[in-house]
Amino acid sequence: NAGVTQTPKFRILKIGQSMTLQCTQDMNHNYMYWYRQDPGMGLKLIYYSVGAGITDKGEVPNGYNVSRSTTEDFPLRLELAAPSQTSVYFCASSYYRLAASRGNEQFFGPGTRLTVL
Amino acid sequence: TQLLEQSPQFLSIQEGENLTVYCNSSSVFSSLQWYRQEPGEGPVLLVTVVTGGEVKKLKRLTFQFGDARKDSSLHITAAQPGDTGLYLCAGANYGGSQGNLIFGKGTKLSVKP
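From first to last, the protein sequence lines are chains E and Y. Each residue of the first sequence is one higher than the one before, counting from 1 in the numbering used here. Each residue of the second sequence is one higher than the one before, counting from 1 in the numbering used here.
Any given hint might turn out to be false.
What the hints assert, rightly or not - Sample of chain E residues at the chain Y side, in silico, Cβ under 7 Å:
{"hint": "1", "residue": "ALA2"}
{"hint": "2", "residue": "GLY3"}
{"hint": "3", "residue": "ASP38"}
{"hint": "4", "residue": "PRO39"}
{"hint": "5", "residue": "LEU43"}
{"hint": "6", "residue": "LEU45"}
{"hint": "7", "residue": "PHE90"}
{"hint": "8", "residue": "TYR95"}
{"hint": "9", "residue": "ARG97"}
{"hint": "10", "residue": "LEU98"}
{"hint": "11", "residue": "ASN104"}
{"hint": "12", "residue": "PRO110"}
Hint data in this document are derived by calculation from the structure and do not stem from the laboratory. A virtual CB, placed ideally from N, CA and C, is assigned to each residue, including glycine.
The task is simple: from the sequences and hints, build the whole structure.
This is the structure we're talking about:
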């Protein structure tokens, strides 16, 4: 199993440009998540999905959109890139949402480092 | 808003020393997890604790969940350079966060040979 894969690994965007960050998991997990990680700020949840066709906002959704047409894929779309979106983006997936004995154990991809200039 | 405060924020020690990292909240969590993240990679799960007072050991790492399920600690015995990384605690709750994880800001550990 490859686990969670993300592409691209690095990207530089100009202000106002758009892009899609790709995320794929091969573990047949229903739950998928997008986080951003800023220096010294931990991980903030952008969007999450509880299954194909179902998505919901997290803590910091403004400026982003997601879709979930298949169990495997959960792309994150930036429509009008802004310098405030410079960050490292992580996709994660989990089998359980909140299991009594397992909590919410998430598996993370390697991240996409995005710079907006 | 549920928050998890981690301390210390940075820790630099010599190989062989012991250390403890703390994760505290004013809120009760149903479960708490610890992740380690190495530079350029995503976080990797180390352990999940779900019962108040629970202690779990992973080789030289000992994890404890507070009796009231509001805090947790990670103790490393005889630290090695391979322990270097960012340690993140993350809590989940049936309540407001709907099972989603709330992350602390992390403790950056550097173990020098």
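Broken hints, numbered, in rising order?
1, 2, 3, 4, 8
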